[in-house]
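Trainee: Protein sequence lines, in the order shown, are assigned to chains L and Z. Under our numbering, the first residue of the first sequence carries the number 1, and numbering increases by one thereafter. Under our numbering, the first residue of the second sequence carries the number 1, and numbering increases by one thereafter.
Accuracy of the hints is not assured; some may be wrong.
If several chains are the same, the list does not tell them apart, and a pair holds so long as it fits within one copy or across any two.
Stated by the list, open to error - Straight-line alpha carbon distances no greater than 25 Å define the calculated DMTMM-like cross-link-like pairs of lysine to aspartate or glutamate that follow:
1. Lys432 with Asp421
2. Lys242 with Glu46
3. Lys110 with Glu98
4. Lys432 with Glu235
5. Lys83 with Glu456
6. Lys110 with Glu49
7. Lys151 with Glu33
8. Lys244 with Glu98
9. Lys242 with Glu49
10. Lys432 with Glu49
11. Lys432 with Glu102
12. Lys244 with Glu33
13. Lys110 with Glu99
14. Lys110 with Asp421
15. Lys314 with Asp431
16. Lys340 with Asp434
17. Lys242 with Glu63
Please keep in mind that the hints were generated in silico from the structure rather than gathered at the bench.
2 protein chains.
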Amino acid sequence: MTKANFPSALLGTAISTLIFSTSAFAETQDVREIQAKALEDNLAFEITEGLTTEIGPRQGGTEAETRARQWAVNKLTDLGFGKVRIEQFMMPTWVRGEETAEIIAPFPQKLAITALGNSGSTGANGLEAEVVFFPTVAALAAVPDGSLNGKIAFVSHQMRRSQDGSSYGAFGAVRFFGPNIAAQKGASAMVIRSVGTDYRRNPHTGNTNFSDRVAPIPAAALSIPDAENLRRMIERSEEPVKMKLVLTPQNIGQQESGNVIAEVAGTDPSLSMVLIACHLDSWDLGTGAIDDGAGCGIITAAAKLIMESEIKPKRTIRLLWAGAEEVGVWGGKDYAVVHKDTPHALAMESDFGADRVWRVEFNLPESAKETQDKIISSLGPLGIGHNPSIVAGGGADVRPIIGAQNLAIIDLQQDGTRYFDLHHTPDDTLDKIDPKQLRQNVAAWTTVLSIIANSEIDFTLPPKE
Amino acid sequence: MTKANFPSALLGTAISTLIFSTSAFAETQDVREIQAKALEDNLAFEITEGLTTEIGPRQGGTEAETRARQWAVNKLTDLGFGKVRIEQFMMPTWVRGEETAEIIAPFPQKLAITALGNSGSTGANGLEAEVVFFPTVAALAAVPDGSLNGKIAFVSHQMRRSQDGSSYGAFGAVRFFGPNIAAQKGASAMVIRSVGTDYRRNPHTGNTNFSDRVAPIPAAALSIPDAENLRRMIERSEEPVKMKLVLTPQNIGQQESGNVIAEVAGTDPSLSMVLIACHLDSWDLGTGAIDDGAGCGIITAAAKLIMESEIKPKRTIRLLWAGAEEVGVWGGKDYAVVHKDTPHALAMESDFGADRVWRVEFNLPESAKETQDKIISSLGPLGIGHNPSIVAGGGADVRPIIGAQNLAIIDLQQDGTRYFDLHHTPDDTLDKIDPKQLRQNVAAWTTVLSIIANSEIDFTLPPKE
């Protein structure tokens with residue numbers, strides 16, 4: 001869709017939605033009833049509270065994640081789900097060590113820092129080097145190879161808030177690729193301004209990736225107040241600003257991780273299943289409340305409401321609590337391999353915090369138009385809109401199976417305005433969750449599942465060109 | 001004043017203020033001009049920015065505070081103040097070491113913790129013990145001596161926001177006295193919920209005090225999310241919750257600290273001086289922006305505006321950038337000894353952040369009634385009110401000289417609503433300062449100084465009964 005016909009397309013949707021909602025009053029009543037129940041349901045919060053309190057941080061490939069899988073199996077079994085099991089896999093594992101940074105000259109003081117996933121090590125004695133500032137990744141990429149020999153590259157550009165989280169793509173590049181570029185230029189290490197929107201003195205971790213052609217260098221994120229302080233130091237100083245950096249992460253080889261799977265059995269085995277996902281692992285710094293304990297809470301609470309309602313879903317609903325997402329989507333990739341021959345109708349994931357769903361996005365075949373309109377209409381009372389120019393892309397853990405099977409997708413987009421205040425920081429804790437917004441998520445998921453799981457239409461997308 | 005006649009007293013003040021403000025139009029014009037200038041003045045922010053960037057954390061008695069004193073001398077000299085000097089003193093000094101806490105059983109995970117000033121050490125190997133929860137300090141105080149042998153006492157009660165910061169007194173008790181009580185009861189260590197109003201994962205430090213009758217035990221504050229998590233663990237667990245605590249602070253003996261003093265010379269040496277104070281030191285975790293870089297910025301910017309205005313102050317204005325306040329008000333105490341024979345007219349201090357002044361409080365003699373009314377009237381346009389039932393008490397650094405000389409006091413009370421989100425945490429950094437509110441502070445101080453420094457009235461209070 002071009003930008004020019006955007007308003008009329010929106011109007012078209014509004015009108016068809018309106019027509020639909022008057023012509024299907026009875027069905028809508030069912031949806032209203034289960035929505036109302038979901039808006040009172042506290043299970044999503046209870047799951048998040050249990051996981052963050054009884055397990056806490058649970059990085060993929062670590063012993064904590066193993067405990068979390070057992071916790072998940074117990075919880076899903078207790079809740080009455082069927083076929084609860086762990087599907088194990090092995091994955092290369094990187095673990096954090098010591099991490100400190102201090103300015104040695106000209107303005108000695110400590111800075112709050114954390115290593116990025118896959119960072120190299122400085123060794124226990126650390127390294128001391130001049131900091132060279134770049135305003136953007138592009139500016140770093142523009143300098144000649146070898147020009148940063150013996151230096152610490154520092155890129156600091158400010159990520160701004162956005163409701164749809166789209167700024168993460170653009171501003172996240174500094175973390176995803178920056179250290180690889182700095183290594184190519186010969187830098188001894190790289191520090192970045194955290195990819196975040198807060199002013200807490202807690203840095204944002206997350207994976208960085210090195211190509212096979214460079215040796216990983218130490219790579220770390222400064223908290224945003226510290227990155228701004230370092231910039232001021234560089235601006236004020238007539239001499240080079242020198243940093244001592246100690247980062248001692250380690251690669252501990254192949255470790256065990258796994259996906260936890262559970263099901264609500266459908267009444268019609270001939271129909272393909274609906275896959276709903278979250279990820280069980282978290283980064284090691286916080287307790288993984290918004291990323292992604294809440295996601296597991298939301299999908300599970302919604303599935304349980306369906307399981308216990310009068311709606312007897314025709315399709316099986318499969319829950320995937322994926323392992324090791326943060327550190328490389330190992331669970332999602334494993335699922336796509338193991339279940340490559342399992343027929344799926346469509347896939348959904350909740351992995352963008354715990355704030356309210358504000359928009360629904362689809363990638364459905366033309367034949368599902370009526371179902372799509374029913375979903376849009378049913379979500380309206382929850383304050384959820386629809387922008388027809390956006391095609392759903394799915395969450396990280398379902399993207400591999402989506403890619404493998406060309407699956408239909410529905411995305412219930414959560415409000416990401418404050419998500420990057422907390423993302424991948426120690427501050428990702430239970431207290432950040434608003435139970436009321438969390439329940440709205442459950443209501444939205446319950447709504448969609450109640451419609452999809454009983455739909456007999458063919459969700460097969462046309463083959464990709 | 002009793003509560004019953006409160007409203008009529010307020011009304012009386014309002015009326016006399018109104019009468020005054022019409023009868024002294026010309027003088028008020030002068031005040032308006034300097035207020036307008038102050039509202040455009042950026043010096044307070046520049047001082048705070050310089051101190052937090054070029055020095056950063058500057059704990060009393062440490063080498064960083066020594067660098068801060070030299071920075072202060074250079075800055076005050078460059079700004080044109082007279083008699084800039086350091087008055088050195090010695091003080092016992094406690095410094096932070098390693099600090100980690102983790103739950104060992106039944107829900108293993110790390111907790112964010114920081115030692116309280118004067119905490120004892122666990123030794124490098126740490127200690128492992130059961131955590132015993134108390135909802136209040138009173139509940140802790142109620143258990144028999146010896147009943148906590150080998151246990152870690154944990155008090156967690158929630159401080160709430162207040163504009164005047166008065167909740168710090170009540171809720172701060174757990175930090176001020178809690179560990180001393182726990183030591184009396186035989187506890188191996190004590191952990192508290194941070195005395196703060198935020199939900200950042202950064203604990204609040206601050207001094208605790210042990211009497212001579214107990215050996216200091218390890219004492220530390222959990223961040224508020226961690227304290228809430230620990231409470232949940234205790235509620236959920238059927239077995240004892242065990243913590244491993246490592247705190248290795250040290251007492252490093254007598255170290256050098258000092259007060260930095262500067263003056264704006266008055267034209268009439270027969271009049272006693274006005275003392276205005278802030279403190280130069282900060283806790284070691286943050287960069288000391290709101291506590292109390294901003295205070296030094298505010299008083300200095302105001303004094304400089306007076307120095308450079310048409311107002312030729314009759315009284316000398318003396319600036320005291322006190323040393324080592326956080327760790328025991330050593331600078332304020334030293335000042336009171338060294339300057340016990342110096343005549344002071346009155347004392348003021350700025351040490352409650354950088355948010356706007358919302359209320360003025362006085363402790364002045366009856367003879368100063370007209371001056372007081374003029375101040376109230378002049379501060380009105382800045383949005384500053386007055387509650388006549390409150391008697392000014394002065395800031396920590398001026399209280400010793402106030403006590404020694406029974407000095408008159410004016411307090412420009414800052415809005416403390418968000419102060420305890422940041423107080424004594426790593427998050428006390430420049431980015432938390434709102435330059436506009438900071439300038440309002442400067443305008444309020446300039447207003448009061450312009451009136452007081454030219455007043456020839458006798459500010460001597462009647463002797464205390």
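Trainee: Would you mind marking each hint as holding or not holding in the structure?
Mentor: Hint-by-hint comparison with the structure:
no., hint, verdict
1, Lys432 with Asp421, "both (10 Å within a copy, 15 Å between copies)"
2, Lys242 with Glu46, "between (48 Å within a copy, 23 Å between copies)"
3, Lys110 with Glu98, "both (14 Å within a copy, 14 Å between copies)"
4, Lys432 with Glu235, "between (36 Å within a copy, 20 Å between copies)"
5, Lys83 with Glu456, "within (23 Å within a copy, 88 Å between copies)"
6, Lys110 with Glu49, "between (34 Å within a copy, 16 Å between copies)"
7, Lys151 with Glu33, "neither (63 Å within a copy, 52 Å between copies)"
8, Lys244 with Glu98, "both (13 Å within a copy, 19 Å between copies)"
9, Lys242 with Glu49, "between (43 Å within a copy, 20 Å between copies)"
10, Lys432 with Glu49, "within (11 Å within a copy, 31 Å between copies)"
11, Lys432 with Glu102, "between (30 Å within a copy, 21 Å between copies)"
12, Lys244 with Glu33, "neither (61 Å within a copy, 49 Å between copies)"
13, Lys110 with Glu99, "both (11 Å within a copy, 16 Å between copies)"
14, Lys110 with Asp421, "both (22 Å within a copy, 21 Å between copies)"
15, Lys314 with Asp431, "neither (38 Å within a copy, 55 Å between copies)"
16, Lys340 with Asp434, "neither (37 Å within a copy, 56 Å between copies)"
17, Lys242 with Glu63, "between (38 Å within a copy, 19 Å between copies)"
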